[in-house]
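So the sequences go chain by chain: Y and B. Here the first sequence is numbered in the working numbering, starting from 1 and rising by one per residue. Here the second sequence is numbered in the working numbering, starting from 1001 and rising by one per residue.
In case anyone wonders, no lab produced these hints; they're calculated from the structure. From a predicted model like this one, the values you see are computed outputs, not experimental measurements. One thing to keep in mind: the hints can contain errors.
[Claimed, not checked] Anything over 10 angstroms on all C-beta distances counts as not near chain B; from chain Y, calculated:
hint, residue
1, G3
2, A19
3, E53
4, D81
5, D111
6, R162
7, A192
8, S210
9, E275
10, D316
11, V345
12, M358
13, D364
[To be verified] Here are a few chain B residues that face chain Y, going by a calculated C-beta distance under 7 angstroms:
hint, residue
14, D1007
15, E1010
16, D1057
17, G1059
18, P1087
19, G1115
20, Y1146
21, A1271
22, K1290
23, Q1325
24, D1339
25, L1340
26, A1341
27, V1345
28, Y1385
[Stated by the list, open to error] For each label pair, taking beta carbons as the anchor points, the in silico distance ranges come out as:
hint, chain 1, residue 1, chain 2, residue 2, range
29, B, Y1146, Y, P344, 40 to 48 angstroms
30, Y, M1, B, D1155, 44 to 52 angstroms
31, Y, S336, B, S1151, 36 to 44 angstroms
C-beta: ideal position from N, C-alpha, C; glycine also.
Number of protein chains: 2
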Amino acid sequence: MTGLRVDSLETPALVLDRARLVRNVGRMAARARELGVPLRPHLKTPKCVEVAELLADAGAAGFCVSTLREAGYFHQAGFDDLFYCVPFAPGKAERAAALADDGCRLTLMTDSLEGAEAAVAAFGNRSDRGRAVPLRFVVEIDVDAYRSGISLGGDALERAARTLDGSGRTGFAGIMSYAGASYGRTPGEAAALAAEHVTALDNAKQRLDSAGLACEIVSFGSTPAVLHADALPGITEARCGIYAFQDLFQAGIGAAGIDDIAVSVAASVIARQPEHNRFVIDAGGLALSKDRSTAGKPFDAGYGLLADGATGRLLDDLIVSAVSQELGLVTTRDGSPVDLAAYPVGRIVRVLPNHADMTAAAYDRYHVVEGGNPEVVAVWSRSNYW
Amino acid sequence: MTGLRVDSLETPALVLDRARLVRNVGRMAARARELGVPLRPHLKTPKCVEVAELLADAGAAGFCVSTLREAGYFHQAGFDDLFYCVPFAPGKAERAAALADDGCRLTLMTDSLEGAEAAVAAFGNRSDRGRAVPLRFVVEIDVDAYRSGISLGGDALERAARTLDGSGRTGFAGIMSYAGASYGRTPGEAAALAAEHVTALDNAKQRLDSAGLACEIVSFGSTPAVLHADALPGITEARCGIYAFQDLFQAGIGAAGIDDIAVSVAASVIARQPEHNRFVIDAGGLALSKDRSTAGKPFDAGYGLLADGATGRLLDDLIVSAVSQELGLVTTRDGSPVDLAAYPVGRIVRVLPNHADMTAAAYDRYHVVEGGNPEVVAVWSRSNYW
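Put together the whole structure using the sequences plus the hints.
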């Protein structure tokens, strides 16, 4: 217990509902058990040791990170099986090698033959002060032309794998794909997409096997694709991230309910403007992020959906309709009159975010609550920047 | 000198061109001298002591801050005349009072009668452990129905001023207005808007004078309105912020040239995708922000405009057309072929931001360069969060 209450915090402040978090984590862990696939959760959303501990307790088989700073932070906290799953920039070789030399079991990735060659050159060139632990690389393949990955059309995949395998300082560990296109699909479409990825990964693995390049890792990800997959045969790890926190974008595509959203921003009412049918809160573009991923969707919530400060329960279909750096303007979604009597200056509300990753990144700590209870039971810190 | 080069930084990294900064700061300082009005620059964009020192050297008459955390940070660094110009939330009374008790000459503001009453109640109720320095309040008036301020229609302005004046722990210091509507106007329209604000502020001041409420401060702001104003009679301070850094939004509305933009993000090429006519950089939604304030404008630059890593010179009309958390996809603005041969994996480029405030907030430090010289001459830190 911290002695703090969520409805009397200095605002804006980031709030994390541990009860919802635990439920979300348990649900995905059960899903992974059902599929018989180890789960490698992504820490790019929480960036928080206590959340990683909770995921580990639920059976996580290692973690994904989105920056080497995260890798260092989680390594310091004792988490050693870390997959830095952003295509590797050669300028980061020294830092990655230092982590590996320090005992971090770091896996890296690339999504092109050129990337593989650049990585090998960068690791070969660096001044080798340490124990020269090989840096394991996973190669991303392109299944659905979504964003990245080596095309399976030619022999670039084999060449990339061999390039990484043949270097003293790097190693080839396997392949991965990302079903980014699964966001916004129906459950049936997401399941079909997952099946397409599984087949493509299996074909790629067999080609590499035939070339004498063993895939220890066959990694597949995206929260909706894993949630809805019928089966994931041959997949050695499922990468998912946003499921732990959820957000309005996920709720809008049916991957979560509003009541699953575990992260929110506590904000104070700072002015009522009856002439504009709105009130003003002290959470603006910096506190909420300018993510508008719900824009133009039936679920459009402006810059966020309002909930009660103390309990987290939704309020009157109010949304943050506009932001400046430190101010948010709150109106009803449909333009009907705002019940301004209920929102005096000083009242603390909460804002559910469009995109949890972007919103949480503006804060250095979480104020942890349990369900509808206003007591802040803990304060957890985050690792930001690069 | 740091021994670092901007084109070999670990990326993403925030870059600040001091030569451009100095030129921007000098230009606005000259403009303020021409208008005969003291300049109170806003520190919400830089959040950096060294930038404040540079502004002070150019004649700044105090500063504006956007959070109490900034106030504390600048107070620690010896800057004491600080105007926290976000409508005051009563929950921040204890922290504000502690700053005042510690010797910070902190000015606060409110934009409603209710806000004034809530502030007086909050300061009255707090446990008074210190010297009880009165907290000076400025009241915002609404001139153009842009965002906030007390309407001049009734007697709310006088009542708010008297409420603040009559309390032992608060004081009434004057009035302010913000010409937010000046963004996106032509120079002539911005000048007309400035004149409208000057008249409204003068009328409000005279009303308050008649009521025995003296306005020591008559504060007016927005970068375009001050840039283009014909004269600012009666204004005791001009509040401007973005002019020091500039950004693509400012350039798009004609308030700056592209060559005035002093802040940018260094990023590495991490993959080339000829099949998609694009390359990928390691600066995405977190590193650039999701601000799309140039969207739908002739100047639309996606999530940023590309420049050379070493020199900062613009490159081939390339823009960041899409982002995920850590990746940016770079294409030509008009869809013409990208000269991919020029962008091998590992090349460092710079991205000019849509909105400097939002982009800089993702970093804890600036890598400072001088004009087109790639040497990093200093590293300056920032104060983030709340």
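How the hints compare with the structure:
no. : hint                                 : verdict
1   : G3                                   : holds (14 angstroms)
2   : A19                                  : holds (25 angstroms)
3   : E53                                  : holds (22 angstroms)
4   : D81                                  : holds (20 angstroms)
5   : D111                                 : violated (5 angstroms)
6   : R162                                 : holds (18 angstroms)
7   : A192                                 : holds (23 angstroms)
8   : S210                                 : holds (25 angstroms)
9   : E275                                 : violated (7 angstroms)
10  : D316                                 : holds (20 angstroms)
11  : V345                                 : violated (4 angstroms)
12  : M358                                 : violated (6 angstroms)
13  : D364                                 : violated (5 angstroms)
14  : D1007                                : violated (10 angstroms)
15  : E1010                                : holds (6 angstroms)
16  : D1057                                : violated (25 angstroms)
17  : G1059                                : violated (25 angstroms)
18  : P1087                                : holds (4 angstroms)
19  : G1115                                : holds (5 angstroms)
20  : Y1146                                : violated (10 angstroms)
21  : A1271                                : holds (5 angstroms)
22  : K1290                                : holds (5 angstroms)
23  : Q1325                                : holds (5 angstroms)
24  : D1339                                : violated (16 angstroms)
25  : L1340                                : violated (10 angstroms)
26  : A1341                                : violated (12 angstroms)
27  : V1345                                : holds (4 angstroms)
28  : Y1385                                : holds (5 angstroms)
29  : B/Y1146 / Y/P344: 40 to 48 angstroms : violated (23 angstroms)
30  : Y/M1 / B/D1155: 44 to 52 angstroms   : holds (47 angstroms)
31  : Y/S336 / B/S1151: 36 to 44 angstroms : violated (23 angstroms)
In summary, the structure is inconsistent with hints 5, 9, 11, 12, 13, 14, 16, 17, 20, 24, 25, 26, 29 and 31 from the numbered list given earlier, while agreeing with the others.
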